[in-house]
Amino acid sequence: MTEVTELSRPEGEALDTREVLLNLGPQHPSTHGVLRLVLELEGEYVKRVDPHIGYLHRGTEKLAESFTYTQIFPLTDRLDYLCPPSNNLAFALAVEKLLGIEAPIRAQYIRVMMAELARISGHLLITGALPLDLGAMTALLYAMREREMIMDLLEMISGARMHTSFCRVGGVREDLPDGFIPKIRAFCDIFPNRIRDYERLVENNRVFLNRTQGIGVISAEDGIDLGLSGPNLRASGVDWDIRRDEPYEIYDRLDFNVITRNEGDCYARWQCRVEEMRESVRIIEQCFDQMPEGPFQIDMPTIAFPVDKDKVHCSMEALIQHFDLSAYGFKVPKGEVYSAIESPKGELGFYIISDGSEKPFRMKVRAPSFVNLQGLFVASNAQYLADMIAVLGSFDPVMGEVDK
Amino acid sequence: MSMEVPLDRAPITERFGEAIDDLGFAHGVHSFAAPPEMIVEFCRFLKEHPALRFNFLSDICGVDHYPEMPRFEAVYHLYSLPNKWRVRIKSRLGDPPRVPSVIGVWRTANWHEREAWDMYGIRFEGHPDLRRIYMWEGFEGFPQRKDFPLRGYKDKLNPFGVEGTPPTQPDLATKNIP
Numbered sequence: 001m002t003e004v005t006e007l008s009r010p011e012g013e014a015l016d017t018r019e020v021l022l023n024l025g026p027q028h029p030s031t032h033g034v035l036r037l038v039l040e041l042e043g044e045y046v047k048r049v050d051p052h053i054g055y056l057h058r059g060t061e062k063l064a065e066s067f068t069y070t071q072i073f074p075l076t077d078r079l080d081y082l083c084p085p086s087n088n089l090a091f092a093l094a095v096e097k098l099l100g101i102e103a104p105i106r107a108q109y110i111r112v113m114m115a116e117l118a119r120i121s122g123h124l125l126i127t128g129a130l131p132l133d134l135g136a137m138t139a140l141l142y143a144m145r146e147r148e149m150i151m152d153l154l155e156m157i158s159g160a161r162m163h164t165s166f167c168r169v170g171g172v173r174e175d176l177p178d179g180f181i182p183k184i185r186a187f188c189d190i191f192p193n194r195i196r197d198y199e200r201l202v203e204n205n206r207v208f209l210n211r212t213q214g215i216g217v218i219s220a221e222d223g224i225d226l227g228l229s230g231p232n233l234r235a236s237g238v239d240w241d242i243r244r245d246e247p248y249e250i251y252d253r254l255d256f257n258v259i260t261r262n263e264g265d266c267y268a269r270w271q272c273r274v275e276e277m278r279e280s281v282r283i284i285e286q287c288f289d290q291m292p293e294g295p296f297q298i299d300m301p302t303i304a305f306p307v308d309k310d311k312v313h314c315s316m317e318a319l320i321q322h323f324d325l326s327a328y329g330f331k332v333p334k335g336e337v338y339s340a341i342e343s344p345k346g347e348l349g350f351y352i353i354s355d356g357s358e359k360p361f362r363m364k365v366r367a368p369s370f371v372n373l374q375g376l377f378v379a380s381n382a383q384y385l386a387d388m389i390a391v392l393g394s395f396d397p398v399m400g401e402v403d404k
Numbered sequence: 001m002s003m004e005v006p007l008d009r010a011p012i013t014e015r016f017g018e019a020i021d022d023l024g025f026a027h028g029v030h031s032f033a034a035p036p037e038m039i040v041e042f043c044r045f046l047k048e049h050p051a052l053r054f055n056f057l058s059d060i061c062g063v064d065h066y067p068e069m070p071r072f073e074a075v076y077h078l079y080s081l082p083n084k085w086r087v088r089i090k091s092r093l094g095d096p097p098r099v100p101s102v103i104g105v106w107r108t109a110n111w112h113e114r115e116a117w118d119m120y121g122i123r124f125e126g127h128p129d130l131r132r133i134y135m136w137e138g139f140e141g142f143p144q145r146k147d148f149p150l151r152g153y154k155d156k157l158n159p160f161g162v163e164g165t166p167p168t169q170p171d172l173a174t175k176n177i178p
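Protein sequences appear in the order of chains A and B. Be aware that the first sequence starts at 1, since it is given in our numbering, and climbs by one per residue. Be aware that the second sequence starts at 1, since it is given in our numbering, and climbs by one per residue.
Because the hints were derived from the structure by calculation, they are not lab data. Here the structure is a predicted model, which is why all the values come from computation and not from measurement. Among these hints, one or two may not hold up.
[What the hints assert, rightly or not] Mimicking DSS-like on lysine-lysine, the simulated pairs with C-alpha atoms at most 25 angstroms apart in a straight line are:
1) LYS309/A with LYS62/A
2) LYS309/A with LYS331/A
3) LYS47/B with LYS62/A
4) LYS146/B with LYS156/B
5) LYS62/A with LYS311/A
6) LYS90/B with LYS146/B
7) LYS331/A with LYS359/A
8) LYS47/B with LYS84/B
9) LYS146/B with LYS334/A
10) LYS62/A with LYS84/B
11) LYS334/A with LYS309/A
12) LYS359/A with LYS47/B
13) LYS154/B with LYS334/A
14) LYS156/B with LYS62/A
15) LYS62/A with LYS334/A
16) LYS311/A with LYS334/A
17) LYS90/B with LYS156/B
18) LYS331/A with LYS146/B
19) LYS146/B with LYS359/A
20) LYS62/A with LYS146/B
[Claimed, not checked] So these bits of chain B aren't anywhere near chain A, every CB distance computed over 10 angstroms:
21) GLY28
22) GLU41
23) ARG92
24) TRP111
25) ARG132
26) PRO143
27) PRO159
Where is the CB? At the ideal position from N, CA and C, for every residue including glycine.
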């Protein structure tokens, strides 16, 4: 009945419309995890978005307060579970700063190489997943093929495909295995051509271009104000990369470009990531070319297990230190540190307050995905509901990191 | 990691004098202590001063120094994109902990402050939407406080928690009211 009266309304009079609340998620293929978006719609347009997060909250920060520093590494793996080596590196660097030590050069190269492998594997997923969200399935299948190669490389180094936990405070767990360098060299040889393939899959795909270009635009000012970092901010034209601007480990010895785009739309964010993979391959190539021989762990028996296990068997002192280290962990001097790295998603910072014991008094994770997700407030403004999928996908949020 | 040109503190001492405590430089970050009532003014000054330009808010976090009193602290990490400086502002809060919101200075403070409220019960005054962010609505207590048990309190959702209930806080209702 009401519809009839609506239709018989005289011309020119405004239609009586009302807002619709739509629940997207928490179980939805396009949310890349468990994320629930409450959308306020006006017709087909999104008026307001309210992300509800916390479905994956595991209390990493609270747990860390009851763990020793070495035990925290597996917890950091599970933050951004697509690229665990970066998280390990960020945490190790923060603790090393508090201790006032530095890992040996060879260990630094191994860590950087793994972090860049992780960056490629993380970016590969979004390279394929964003077209998938928009209906182009092929790219994901190709991306997964190459991601598998990286998984194999990580497995060769650490024994684990995803949660590597390979970093240690003061170095890495083991030296590189025999026959690793030829394998990674082979990967670096073929991978740039494969990146070209992904680009060719989508750059003439009109559907993909129409649904990403000019969609979800964020200006540089908005991006900085919203705290975006990493490729999400560089796609808006902000030339900022912690690897170059505050070089940690051996990044100051490496030659790489910081990729920026000026458009600030979904396509620019996607492009930035694809280009970054090329730079990562260059970094990895330089790493294994420059990598010196030498120890992979710091020679401090109170912090790292001795490489030469015979010492433990022959010297009483070494045995006691070994027992102490495995039973209680090591003490970290009183103080506080904030240490940030350029993780694949952006600025990954660890703020650690130490009270002088074996466990951190407070560990705060500045998770880039958590902050990047706030970009939705601007990017979703006055977009079509259907474009929300592209906008969300282009931010590449990893819920393990958002929810900590 | 390294500050190539050290932070120029002159404008800060000139403007604030003794009100802002300089805690010195360590591990690449310069620390200041500011009383809660000056936080917004100090942040705005750091952001807008032409020689400083701390335009990027990295992080806000709560800290619980229990049993030390006053137990709560809000810690802000700022970054200056043009100058590549990092600054930490620490602010000890009374009990119940209250601090003015800096959402008017950086919009990114929104979720950081919601997280600190959710985990520590620090009330950010002037925040337009101070709801819990990780825990569900109706959750009682603030889980990252030092006196909150790691396993949580026993209830029908958590059979492995410890017996008891979260300490009631007459002034701070645990409901989601701003």
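What are the numbers of the hints the structure violates, in ascending order? Numbers 1, 3, 5, 10, 11, 12, 13, 16, 17, 21, 24, 25 and 26 - these are the hints that the structure violates, sorted from lowest upward.
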